[in-house]
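*Asks:* This is what each chain is made of:
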Amino acid sequence: MKVKVLSRNPDDYVRETKLDIQRVPRNYDPTLHPFEVSREYTRALNATKLERVFAKPFLASLDGHRDGVNCMAKHTRSLSTLLSGSCDGEVKVWNLTKRECVRTLQAHEGFVRGMVVRYCGASFFTVGDDKTIKHWKMEAPGYGEEVEPLNTILGKTVFTGLDHHQKDAVFATCGQQVDIWDEQRSSPIRSFTWGVDSFSAVRFNPVETELLASCASDRSIVLYDMRESAPLKKVIMTMRSNTLCWNPMEAYYFTCSNEDYNIYTYDMRYLDRPITVHMDHVSAVLDVDYSPTGKEFVSASFDKTVRIFPKDGGHSREVYHTKRMQHVICIKWSADNKYILSGSDEMNIRLWKANAAEKLGVLAPREREATDYSQKLKEKFQHHPQIRRIAHHRHLPKSLYHQTKELRVMKEARRRKERNVRKHSKPGSVPVVSEREKHVVTVVK
Amino acid sequence: MAKASKKKEIKTVVTKSSAGMDTLAAVRPDVVDYDDEEDLNETITSEEEEEDGDDERKRQKLLEAISALGSKRKTKLGERSEASVQMSEFTVKADGEGDRVDLSDLIGTMEKTSAVPAKARKQLKNLQRRNNTIECPLTKQQSERIQRDVAFQKAATQVTRWKSIIKQNQRAEQLVFPLNQEPPGPKPMERVVSGWKAQTPLEQEIFAVLSANKQPINDPILTPAEEASMRAMSLEEAKIRRAELQKARALQSYYEAKARRERKIKSKKYHKVQNKAKRKDLLKQFDEMVQTDPAAALEELNKIELARMQERMSLKHQNSGKWAKSKAIMAKYDDGARKAMQQQLEVNKELTQKLVTSLNNEEEEEEKDAGDAEQLPDLVPDAEHGLDSLNPWMTGKLSEEPTEKEKSEPMDLTAAGPGNTVEEEEEEETEEEALLREFDSRRKLRQAQETDAAPLTSVDDEEDEAAAAEDPDASDKEEEELTQFTSLFRGIADGRQEAEAEKAEADASAQLEEDVTRIRTLEDMELLCQEESTSGEAAAPPPDTENLPTQQAGKKRKRGIELNQVLTKKTQVIQVPLTPTMEDTEDSDGKLDQRGLIREAFAGDDVVSDFLKDKRKQEDAGKPKVLDLTLPGWGEWGGTSLKPSRSKRRRFKIKAAPPPPRKDQHLPSVIMSEKRNSSISLHQVSSLPFPFESHAQFESTIRSPLGRTWNTERTVRKISKPRVVTQLGAIIEPMAREELMKQAAAGKTSVVDSWRIKQ
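Here the protein sequences come in this chain order: A and B. Quick note on the UniProt record's numbering: the first sequence kicks off at 1 and runs consecutively. Quick note on the UniProt record's numbering: the second sequence kicks off at 1 and runs consecutively.
The set of hints was computed from the structure by calculation and includes no laboratory data. Among the hints, a few may not be true.
Said to hold, decoys possible - In silico negatives: residues of chain B with every beta carbon more than 10 Å from chain A: (1) A118; (2) R129; (3) E135; (4) L175; (5) D293; (6) A340; (7) Q342; (8) P632; (9) Q684; (10) E693; (11) P722.
What the hints assert, rightly or not - Facing chain A, from chain B, some residues (calculated, C-beta under 10 Å): (12) K154; (13) V159; (14) I165; (15) Q170; (16) E173; (17) F177; (18) E182; (19) S678; (20) T701; (21) T709; (22) R737; (23) M741.
Positions of the beta carbon are idealized from the N, C-alpha and C atoms, including for glycine.
From just these sequences and the hints, can you work out the full model?
*Replies:* Below you can see the structure in the form of structure tokens.
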């Protein structure tokens, strides 16, 4: 006699080890899941809340400088090494993983104005208030050796900024003029002047390596080509730009931090108006640095905050501040896109996470999938008011908050006045000037 | 004396300056020597200055004498004087007249020296003769500005090369940084361990042998020669090159395979369609050629004419062969046979059809003026049918009739046959078709009225052919003959028409049933349409005469959708802005396909009344209901047949208060939902967020779930891919120039791909 029984193959449901994941049979028929949107909305809400809960960006403070940190430089070959120069002429080399200073040297008398690591990572350059350019070895001198620069160039005037070419043994300094130096020679191979002005920053384009840009004290940004004998073009803005930074992935975009609390992103081909105006700071922006992916940049401001902006967004996605952090003078985004380093007036260098709620370290595959999923959920529901409110909430110090509010009021008043003027004047006599056009005075060819 | 002293002073100044500036040292003494020879007076510009200079010199001498007394070492105070003020390198003064250096001075010395070649002498003489001055150079500011502008343009173009990469990266779903990662996996030992050396004697021996033979010692299996060749072509280039070659090879094989496949297809229909498309292309080309290169077009035309003649001479496609006869017998019972014969006929028709181009259109117009004008309206619809011959609606209705006709009169009426029989074959036509037909015919009528030039139709005649065969080159003559003949022929045809009570037109492509003579006015047209529609519905076997369909017309009209009824729908009291339901068909005449016609026909569906109904329904639903709370049997007798009393019912029936007036009560064309819930709206998105363009778009993104509960594993992984992926602890270098090269290669391949897709 044949007996029929229901039978299941244990292979289908029994785990091999208890560490295996339980097999969950699913039916993807959409009619069986009528509440999928609401369930996902709840998940998104929870993910957003958790993100805010875990948003603890501050990692470490590196102290040891005896004066305000004036400049910093990323090591080009090592992620864990950072160099910083202070206002008393001291240069420190830091090990970020150990969070300690590994080397200190008295590089200049007066400020260390600029610092850059050579592309090979074996040496670095500093410029200071003592009108010298010094070339230092990265390695600490051996026992009994004196701390001596490899090379010292005595210039005629004070140098205020420095940057190194991406691949060649060429660097650029700025002061009263922009000079291009060969490492082997003691006089500049080229110097650019255009009117009488002093420059505050010079940066090489990391992609089109022969191009440079500089910020001048006559409120202008000047573009140069290293191969040409004359500068290319300059744009004069309403207020002075402090520093600028090229986008490392997009050859023709650069971003400059301005005294008028704003940051401007320009396309170098069309200087007559910036591509984007990034607003949020409530005081002069002192430094700016792009993330190595070219998607975002970070800015340091006199208002004691650090802000992170998407490269095409008008407002910041993140603001970092602590009670003890004073005017932030210099800022760097680490080369692995994970950290931000800020050097401030009160002699400290601070290490922040670039993504405030990100978990550091290696993630298990399931963990990674979960974070990816929740990230997508947050993106999907980002426009919903409840989620938006939570995701966008940031705490600000009282003074900053009030200053922001005040600025908003001022802006609104100005806008209203302009509108009224327009209303009471002949049509067309008071044209509407967009925010982007407002800040450019002229482009000089 | 004064002169001498001055000379001395200049000398001292010069020596000083030469000490200061090494670069000038070589130049200045020469200048001074030159000055010695010249008269120094020339450098002094005025007498007064000289006197002043005298005093000055005296004082200077005195000072020198005093200082010489004081110290042994002569410490001269550095005195600055601009040499160029008093003299110039070239002794050229701004106001100097007589002492200008001329080219002739130089040439004078040249002629004395024999070393100067004759050619140079000649050139110099020419130069001397020419008197025009060189243009004034640009100012420094201007020239600098131009320089800057040029340099900027150069830099901008250089930078713009990155545009495509930047765009691509911005659009990319996922970017993985660092950009050019080394492929994962084990690396060869040599690359990991740098300072490895052969140590044991055996190893040393082996390596000695290897190095002696110039064989590769390390794992990269390349001999020095190979390496050199590799270096000659960079890796990137080599890769691109190889990829290109691969692509070309793949493409070639692909096309070969395609050609082979196509050749093997047995389907006649396929080839027929293919041929037809080719022919169409040819025609189009020909049309273009007519405009661009009339001479070549004429040649082409002759060729076509020749083909046509050959076709007409031969018995091919005439359905007169053995096969055709056998088919003709079968045709009554076999659909396939009928179709086959029909195809044959069509081929014949197409081949024998005379091409109408703008070349002979002109001549036609002349002919028209001569007196043929009355005939023209007759011909117009025929041309249209020629266009419509591809239409399945039109072609499917041909029966054995044409073939039979043909047997009886193979030459004259082969083409006319289908026209006769269409009406009889329309049993399967539906009401839709009738409607469509009406639209179509109306359109045609309109067109007929508009257009003056009528295309010539083919005429079957032996004589014409013979004439053409005699002198194919003299096309003009032939045309004349042809047109003359057509007019003649038409007279005969008309006669026949009357005799048979049938509209036998010369055109072969006339598959529709228009009675050409009748279509004069719109009313005629409409009448005709109605006839057609009814005849189409006739289920009975086709009658021979036209009478039957016209009789049936009255009865059948009721069943179909009446166009008049649809379009002249009674309008509602409320005036609502109506959307245009009818499309203007004038411009899209010949090109409207079947679907378009159907859409056009049913465009008048009554949306407005539907909308109003819908609105009323919603209003009713929104009204509060009367609540009846009567309990049967409460306070009085109850039972199956007993109803609660009226007073009770009135008492316990609760009328709800009237609802607040609807928001849309004064807006006839709007329905506003009253169901909006404010508690939910707190969680809802109030306005359309930025990147989205429509609400539907946004809602669809929200509606599609992302999670594992609703999606398969692979989908989830694909959906939740992060935008930017970075490697832990890897330094992300800025974009390198090599990316441009890669992009260029990728761009090439993508172009090829898109091209393939088009094919």
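*Asks:* Checked against the structure, which of the hints given earlier come out wrong?
*Replies:* Going through the list in order, the structure violates hints 4, 9, 11, 16, 18, 19, 23 and respects the others.
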